[in-house]
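Given these sequences and hints, build the entire structure.
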Amino acid sequence: MKTARISSQKSEDSDSSQAANISAGRTTGALQSLGDRAPNADVRLDAVSVTFMRSNGDRVTAIENVDLTVKTGELLCVIGRSGEGKTTLLNVVAGLVEPSEGRVLVGEREIHGTGADRGVIFQGDAVYPWMRVADNVGFGLRVKGVRRPERERVVDEYLELVGLSHVAKSWPRELSGGMRSRVAVASVFANDPEVLLADEPFGALDYVTRRRLQGVMLDLWQRTGKTILFVTHDVEEALLLATRIIVVGGGHVLDDRPVNLARPRDEEVLASSEAVETRRRLLSYLGLEPGAGSAVGQTNE
Amino acid sequence: MSNAPVRPLSPRRLAGSLISPVALRLEMVVLLAVTWELVAHYAVTRIGTSGEPIFPSLEYLAKDSFLQMSNYWSGGWGAPSPGNGGTQTYLGAVLALASASFASFGRLFAGVGLGFVLGVVLGLAVSASKAARSVLSSPVHFLRMVPFLALAPLFEVWFGKSDIGAIVFIGYGSLVVTFVGIVNAVGLVPAVQLARARTEGATRRQIYRWVILPSIVPAMRATILVIIGLGWTLDVAAEMLGAQSGLGVIMEYALRFAYTGRVILVSFVYLVYAAASFYAVQWLTGWAIRWHPSQAKARRRRRFSVKPALALK
Ligand SMILES: Nc1ncnc2c1ncn2[C@@H]1O[C@H](COP(=O)(O)OP(=O)(O)O)[C@@H](O)[C@H]1O
Ligand SMILES: [Mg+2]
Chain F
6 MKTARISSQK SEDSDSSQAA NISAGRTTGA LQSLGDRAPN ADVRLDAVSV
56 TFMRSNGDRV TAIENVDLTV KTGELLCVIG RSGEGKTTLL NVVAGLVEPS
106 EGRVLVGERE IHGTGADRGV IFQGDAVYPW MRVADNVGFG LRVKGVRRPE
156 RERVVDEYLE LVGLSHVAKS WPRELSGGMR SRVAVASVFA NDPEVLLADE
206 PFGALDYVTR RRLQGVMLDL WQRTGKTILF VTHDVEEALL LATRIIVVGG
256 GHVLDDRPVN LARPRDEEVL ASSEAVETRR RLLSYLGLEP GAGSAVGQTN
306 E
Chain C
8 MSNAPVRPLS PRRLAGSLIS PVALRLEMVV LLAVTWELVA HYAVTRIGTS
58 GEPIFPSLEY LAKDSFLQMS NYWSGGWGAP SPGNGGTQTY LGAVLALASA
108 SFASFGRLFA GVGLGFVLGV VLGLAVSASK AARSVLSSPV HFLRMVPFLA
158 LAPLFEVWFG KSDIGAIVFI GYGSLVVTFV GIVNAVGLVP AVQLARARTE
208 GATRRQIYRW VILPSIVPAM RATILVIIGL GWTLDVAAEM LGAQSGLGVI
258 MEYALRFAYT GRVILVSFVY LVYAAASFYA VQWLTGWAIR WHPSQAKARR
308 RRRFSVKPAL ALK
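Going down the list, the protein sequences come from chains F and C. Here the first sequence is numbered in our numbering, starting from 6 and rising by one per residue. Here the second sequence is numbered in our numbering, starting from 8 and rising by one per residue.
Just so you have them, the derived chain F footprint on chain C, three or more residues with Cβ under 8 Å: (1) 196-203; (2) 216-227; (3) 289-300.
To be clear, the hints were calculated from the coordinates, so they are not data collected in a lab. Idealized CB from N, CA, C, for every residue including glycine.
Printed below as a string of structure tokens:
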């Protein structure tokens, strides 16, 4: 708990100096690769459509003819009402769903199926209950055949970053919902994917826990410079995190704009005229009157 | 009053101590024993064709029927064989029951073990491949519908009066139950857990080894507990039909000559074994599901009660 507060604070007051922090040698291993990573982890959707067949025989086009490019290092928030295709969009990039038409590229490669280069934080609880916390975080490394000492080093590092070192040997059943979400976050970052996909990862958490985890997420993103696609139905969450926000509706991208708010995004920044304007626009896309904003920020799906 | 160091035994507290779980269990046993004795001495006092009471009292069971168990001892270890003119001894009775039990336990564990291992292997194979599923699934589900006991005579015809027959019969029943349990459990592994493994780059093999297998462990354990119980039932049937040794053989003799006391004694021994093996397996395999959310409570409770929780049965 204590560590998490520290790291989330760090992300808010150190802002762009994180890069300096990293090169100062504070972190090692996976995190160090930021500098020498192949620069192109762009995600490109090229005229992608996904059509599902419902069990009653109806066809549903979840996303239709979507073109989208997410640049390396961007933190793209995807917002939209429930059932409008957000999860499908993410699953197509993850490789869990094959596009019915079009193609998906990561860097220069067209992707087919899942791969460890794209990590996912799932909407539901995907922490394995039969693995202790540390083994959950190290699962992806074990799959890759990383040896135990190296694995333990990386796992320890990420457990510390999300503030869970003290429960490394615990079973997931002994953790709160918020702690389990941290396990999921640490698991994905420990895997060092090129692209990180998060599907309303904190949607089921209480307000305070969610704020903390948003801090953890920002911190890790700033440390690692990953490309992140972050699905949320929470406008405030998007405003807090995103470098760019798209609105998905009816299977299309309805709106796509950068968010140029300064960081840390404190009360003042989030009350600036630009923030107010962005919030108003996003809420109207969701079919809500502006002013209901603070209430929306706290709804759970 | 609430500060009094020793509280008087109020009627309420007395009532409370009489309905505590342990007291209740003891009271039930005493009640059963008393009822049994009343029935044996006053209600059903008829003597059967074998010259034994058809509802023997507890003292008759403990003395006469138990001593007669030595008739099934063929001599040795310091106890004579009554069948060859020796006297009936309590040692002989113990030896007869012990050697019969040994034979029955052997068949039970061989059969249940064989059935479980094959059931798990077949179940996993069928879950893994569409081809195997279409070939194997419906015949096994059909066999599941056939009452096991109805097949016992068939196994006797096929295997004759042999140990192998009994083991195969028990194994068959265990296999079918295990197979159905495994296929079902694999089908219930949450999709998000499989999806996670795929996105972390796991191969099919790795998914089986690290996701599917551990997640079906609770179901496997439940299956073992079920087939241990089933195994004893099938063991009785198999031994009564055609075996040279075992508790079922004693049971079959006793039944044929209407030795009611001995039938009751052997039934009681079966009961004890079935319960004991159930709890032993439950206790021994508890560690395998220590991660399971249901165990958070069970573990804490265990400190206060010796009786293992039945939550996962
Ligand atoms: N596996 C599926 N089978 C059939 N329909 C699906 C499936 N997955 C999603 N859909 C449909 O696609 C649409 C978009 O779903 P989804 O991407 O989950 O929305 P969101 O995440 O925005 O709530 C919905 O109408 C949903 O019913
Ligand atoms: Mg969704």
